[in-house]
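Trainee: Input sequences plus hints: build the corresponding full structure.
In case it helps, the numbering used here puts the sequence shown at residues 811 to 1628.
EDC-like cross-link-like pairs, simulated, lysine to aspartate or glutamate; straight-line CA separation at most 16 Å:
#1 LYS1165 / ASP1276
#2 LYS970 / ASP1029
#3 LYS992 / ASP1003
#4 LYS1427 / ASP1029
#5 LYS964 / ASP1088
#6 LYS970 / ASP1028
#7 LYS1005 / ASP1114
#8 LYS970 / ASP1075
#9 LYS1427 / ASP974
#10 LYS1079 / ASP1439
#11 LYS1109 / ASP1135
#12 LYS1229 / GLU1184
#13 LYS1560 / ASP1598
#14 LYS1412 / ASP1368
#15 LYS1372 / GLU1411
#16 LYS1005 / GLU1016
What follows is a set of in silico ranges between Cβ atoms, one per label pair, in the way DEER data are often shown:
#17 SER1515 / THR1231: 22 to 30 Å
#18 THR1146 / ALA1514: 26 to 34 Å
#19 LEU1481 / GLU1411: 48 to 56 Å
#20 THR1231 / PRO1073: 51 to 59 Å
#21 ALA1060 / ALA1238: 44 to 52 Å
The hints are simulated quantities; they were obtained by calculation from the structure and are not laboratory data. All C-beta atoms in this analysis are idealised placements derived from N, C-alpha and C, irrespective of residue type, glycine included.
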Amino acid sequence: MKTLRLTLLGAVVALLAACSGGAPTTTNNNPTQTGSGDDYAGPAPRDADVQSFRINFWQNVKAVNRCGGCHGTTQVPMFANPNDVNAAYDAILPYVNLAEPDQSPIVAHVAGGHNCWQASSLACADIITVWIKNWAGSAASTGTQIALVAPSDKAVGSSKSFPDSPALFQSTVWPLLRGDGKCLRCHQSTAADPKSPFFASADVNEAYAAAQAKMNLDDPASSRFVVRLREESHNCWTSSCSTDSDKMQAAIKAFADQVQATPVDPALKVSRSLGLTDGVPASGGNRIDQFAIAKYEFKTGTGDTVYDTSGKGAELNLTISGAVDWVGGYGVNIKTGGKVQGTVTASAKLADDIKNTGEYSIEVWAAPANVTQEDAYIVSYSGSATTRNVTLAQRAYQYEAMGRSTVTGPNGAPSLLTKDTDRDAQAALQHVVLTYDPINGRKLYVNGNYTGDVDARAGGTLAGWDNTFALVLGNETSNNRQWQGVLRFVAIHDHALTAAQVQQNFAAGVGERYFLLFDVTALIGADLTKPHEFVMFEASQYDSYSYLFNKPTFISLDPTYKPGSIPIQGLRLGINGAEASGGQAYSNLDVTVTDNNYSTEKGQLLSPIGTVIALQKGPALDQFFLSFDKIGTQTHARTPAIGVPSPAVDLAPASDIGVRTFEQLNQSMSLITGVPTTNTLVRATYLQVQQQLPPVPDIQAFLASNQTGVAQLAIKYCAVMVDTASTRTAFFPGLDVSAAPATQFSGSGKDLLLVPLLTKALQQKGGVDLATQPTNSEVRTELSALIDKLSAKAGANSATVAKAACAAALGSGALEIL
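Mentor: Here it is in C-alpha cells:
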C-alpha cells in the first residue's frame, strides 16, 4: 500500500492541549479498576461499531484515574463519558485513525507526555494503540497495512562528527558533568544509585562514549543535556535551571567550535537526506496480537521497568535487576547476574487466563549470547528451579520447552527438546515461538518454521497451573538458571498461534524499524511536480553502535508510474555528509529498473541483502543519504583503489583427522547407549566436565584434560545404561548382573560384552574394520584382557565389569576421532 496518509494531528493536539489544566491523571495503582461496564445505565450502543468501541476502548479509558478524570463529563472532547457510550463514540472519532491506529492523534498526544497513568508515556501510547486496534478489528488475520508517505525534503548538508579522541570532551563538557553539574551522583557505575548512561564516569573514555548521544555539535542548544536542564528542570545544580542550561550549552559549544564540519563532496551524485525517524515505521504493522495477554517491546530504553503493553487486564510490568543493559533500537541485554521479573500478584493473570483457554503461546525475538550455555531459561513462569507452569529455555544449540499439564510433572518434564543435529539455537537474532494446545501438546517454531519435533506427551490439560508463580525473563526465580543474550520482544498469548500466524508475526519483524525513502527524483530527471521516485531501505538501529540497512528497492508513490529503463550502479550509504567508511555492500550494484521488473505495489528490489554501518551521533541526530556511481544519465567517475597484494604464505598441512566436539560426544554416547542426554545423572556429569571436553574438531588442539573429561562422561553413560534394566537388556542381551563374572565371562562368555561393544560402540559390524581405527582383533584382545583382569578380582561383580568394558570402548579414540 502506498496511499498518502492524511492526519488531523495539528488541529487535534491544539484542542487536546486545551484540557491540560484539568484534573490531573495519577498513576493507577489498581489498574484492574478501569470500569467493567457492569454499572453502565446509559443508552445502549446504537450499532456494532459502538459496541466494539465500548468493549475495547471506552471501558479501558473511562476510569477517573485514566482519561475519565478529565474527558468524562467536564472537558471536551468527552470520549470517556461514563453516562453515554454513543456520545463518547462520537467525541473520539476525530482523534483516532482506525486504518492506522498507531498514527492516531490521541496516541501522539499521550506519547508526548499527556497524563499517562504509567511512569512511561510511550508505554501508555502503545497500550492505547492496542485498544484502538482491537476496536477497529485490525488484530484480525489480515493485520494492518503500512502506508508509505513522502518524507520532508532535506538536502545533504555538511555536518560535524565526534572526534575519535576524547581530548576536546575532556577539556570542555566532562568537567561540568563531573563537577558543578553533579551528574556523577547518578550517572556513573560507582554511584550509590547508578543510572545508565554513565556519561559522568571517572573513566573519560566511558563517559565520552555515553555522552555523544546527548550532544548536538551542529546545534548545541538542542542537545539533550541542555534540553533536560532548560525545559525539564532535571537536577539543576543551582536555583536557576536557565543559568545551568546556558552553562551546559556554552560547554558543548566550546567543544563544537573546535570540530571542523565535514563538507559534502560536490562531485558525488547524492539523494536527498533523511534521519532514521523520518521514515515510515516498518515493524509490527501486520502482527497477530489479539491473543496477547502480556507483551514487552522494550521501547523505554531507560530505567528499571519493562512495561506490559498488551492492553489486557492489569499490566504485568517487570522489574530489571542485576546486570541488564538497555539496547538501542528496543531491547535489553541480559548478562551474568541479570534478570527481569514480575510480581506474583501481577503474574497471576497469566495462569487465570490460560487455564480458561487451555492453550498458550510464548513468543520471543531473542539473540543468545552464545551456543554453549546450558539450562539457560529465556522465559519462565515458575516458582523455583523444580516447579513451573511453563519455561522456554536454551540448551547449547537446542531450544527446550518445559510445560506443566495433566500428562507431565510439576516441573514440566519430560521436556520437548529440538534435535541437536538441527542446531536451531544460534547466537543471532531469532524469532522463537512455543505453542501448546491439548491436541498437539507443545510445538516449537524458529524463524517462522516448525522445527518438526513432536511432543510425546500431548493430550493433557492445564488445570494444575499455579497462579502463585512469577514471570521471569533471562533466569529463574531462584537465580540459578542464567540465560545471557538480547531480548527484543516477548509476548505471552492465551491461544496457541497457528503456523500461519507464527509466520505472519515473524514476517512483521521486530524493533525500531523504518522504511526510509531516499528521494532520487532530481537525479533521474523525473517531473518534480508529480509524486516522487525513491530508493527505499528498511533501516533500523541494529545495536547501540550501528545501523542495519536492508533490501534497497526502487519505488514511486505514483500508482501509474512506469520507469522505462533506469540504470543504477555503485550505490553507497552516506552519513553526516560523508560516505560511510565501512559496510558498503552495494558498491558493486549494477541493476536496471525496467517496466517488466517494476511492480506498482512493491517497486523493484535492487538487492536482497543487508549491511551494517557505524552509528555516529545517535538515531536522533545522524542524517543519511545515498550516492551513486551511476543513476539514469548521471555518473560519478571514481578513481579505483590500487591494492598491494599480500605475498602467498605456504601454511603447514592440516590433518585430515579431527575429533568430536563436546556436544557431538554427548550425543554420540547417548545414541550408542540408549541413555537420553536429559537423564539427571548423565546431565549433571556433562555440565561438570563440559569445559574439559574438546571445544573444536582440530586434533592438534586435543589435550590430556580433554581425555579425562571424555573418560568421566563415558563412565557415567555406561553406569546409567548398565544400572537401568531396559537399556542394559537392549545393549547387552543375555547379561546377568547377578551372576559371578568369573563364571559368566569365561571363554566365549566374554562375547556377551565384546560383541555388543564392537558392533554398537565401535561400529565394526560383520567383522569389517575401518581404516582409521584399531582392528577388530586388536580391540577384542584389549577388552578381553580387561574383562579377565577385573573378573579375577576378589569381590568382583558382573555389573562393574560390564561398566568398565563399556567405558573403555566408549571413551576410546575409536569414538573420539573423526
